[in-house]
Amino acid sequence: GAVVSQHPSWVICKSGTSVKIECRSLDFQATTMFWYRQFPKQSLMLMATSNEGSKATYEQGVEKDKFLINHASLTLSTLTVTSAHPEDSSFYICSARDIWEGSYEQYFGPGTRLTVT
Amino acid sequence: SQQGEEDPQALSIQEGENATMNCSYKTSINNLQWYRQNSGRGLVHLILIRSNEREKHSGRLRVTLDTSKKSSSLLITASRAADTASYFCATGLSNSGYALNFGKGTSLLVTP
Numbered sequence: 026g027a028v029v030s031q032h033p034s035w036v037i038c039k040s041g042t043s044v045k046i047e048c049r050s051l052d053f054q055a056t057t058m059f060w061y062r063q064f065p066k067q068s069l070m071l072m073a074t075s076n077e078g079s080k081a082t083y084e085q086g087v088e089k090d091k092f093l094i095n096h097a098s099l100t101l102s103t104l105t106v107t108s109a110h111p112e113d114s115s116f117y118i119c120s121a122r123d124i125w126e127g128s129y130e131q132y133f134g135p136g137t138r139l140t141v142t
Numbered sequence: 002s003q004q005g006e007e008d009p010q011a012l013s014i015q016e017g018e019n020a021t022m023n024c025s026y027k028t029s030i031n032n033l034q035w036y037r038q039n040s041g042r043g044l045v046h047l048i049l050i051r052s053n054e055r056e057k058h059s060g061r062l063r064v065t066l067d068t069s070k071k072s073s074s075l076l077i078t079a080s081r082a083a084d085t086a087s088y089f090c091a092t093g094l095s096n097s098g099y100a101l102n103f104g105k106g107t108s109l110l111v112t113p
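Quick mapping for you: the protein sequence lines, in order, are chains U and Z.
Sequential numbering from 26 applies to the first sequence in my numbering.
Sequential numbering from 2 applies to the second sequence in my numbering.
Don't read these hints as lab results, they were simulated from the structure.
Be careful, since some hints might not be right.
Straight-line Cα separation of at most 25 Å, PhoX-like style, residue types lysine-lysine; simulated pairs [unchecked claim]:
# : chain 1 : residue 1 : chain 2 : residue 2
1 : U       : K66       : Z       : K57
2 : Z       : K27       : U       : K66
3 : Z       : K105      : Z       : K71
4 : Z       : K27       : Z       : K105
With the Cβ distance kept under 8 Å, some of the chain U side facing chain Z (calculated, not the full set) [as the list claims (entries may be wrong)]:
#  : residue
5  : F59
6  : T74
7  : I118
8  : R122
9  : G134
10 : G136
A virtual CB, placed ideally from N, CA and C, is assigned to each residue, including glycine.
Just chain Z, same shape as in the assembly (with noise of 0.2 Å):
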């Protein structure tokens, strides 16, 4: 079943701006990863997070976790046009091999 919930569902910005995405999830995960998609492409991983972390950075990617409310955010800073994609969080079931369970995504709209 669906775990993660993102929000927002859909968000527009300008060139520069920073874009702000939340995942929610609901059971006691190990880790929490973000991808990225372009339309009708398949998935770029961008960041992983394990439990234990609380943030994580990676070039203009800053990730946070908080188990305690079983929440995750993803900050794009200076967004550029090309960061225009869907966005998911994925949290890992242990019991099936590590699969992913995938929220339903922010909609990510960069204008130049």
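Extracted from the complex, chain U is given alone in its bound form (with noise of 0.2 Å):
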């Protein structure tokens, strides 16, 4: 089956300190790769549709100076959290369709946790 990636899979930063998240696509290729985030003991939200060659789609609210989202590629996505916060400590999930594939699913990874102190 698709297989999406994550890495890492967790981090601990310092306020003030910026954090790059990697999402690729192992074993097929996504022209849409979707970030979503996750507090504790909630439901994920959508933060950005990120599409090859082209800049990032953001949800009200989430600022896009501070997340910054690069799809250099068809199967690699980037999330950098710049001048990170506490309150930026969060459960940061990727998702990506496989663009050969009709339906509709999509294939999330494993999740990064984030910590800031």
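Could you use the hints to bring the two separately framed chains together as a complex?
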């Protein structure tokens, strides 16, 4: 089956630093990837839609200058949390759709737990 | 904005019993999906039902969809302790490249 990986799986950083999270589709091509954020005991909230070769589309309330998304290839999207603060601590999950598949199914990465101290 | 709403928020049953979770949504959809998430882990896709389908089965899972009531249900039969997890319904957003709008989830605990 289609596999999506994320790196790192967890990261601890100091307030004010930037953190980059990678999302890769390992065995399929994805023109579109999605980034979600999940706070403890809550549901996933869509942050942005990442499109290969173009700018990401951000959901209302998500600061695009703080959460930089780059989708440089059909298998890689990155999310950079700039000048991280403790309130950015969360579980970040990406997903991807297989462009050759006609279904709506998305494949999710295992998530990245970010803790900002 | 959050569209799906699951109920119950939490469900505790014994092994062997059936577990039913419900999901309601607000706008028109072209598909609805159910996912499972073990604590602190990623999501596992369980089943997708299209808007023109009313019922779908996969192993011990049975999903129904009632578009007139904008609701769906997930039934897990003969539950096992390994089914303990959070279950989310999600609807596709056609104007966002089919990003998913997740409900709040049902936390299921299956005790031996």
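List, from low to high, the hint numbers that the structure doesn't satisfy. Result: hint 1 breaks, nothing else.
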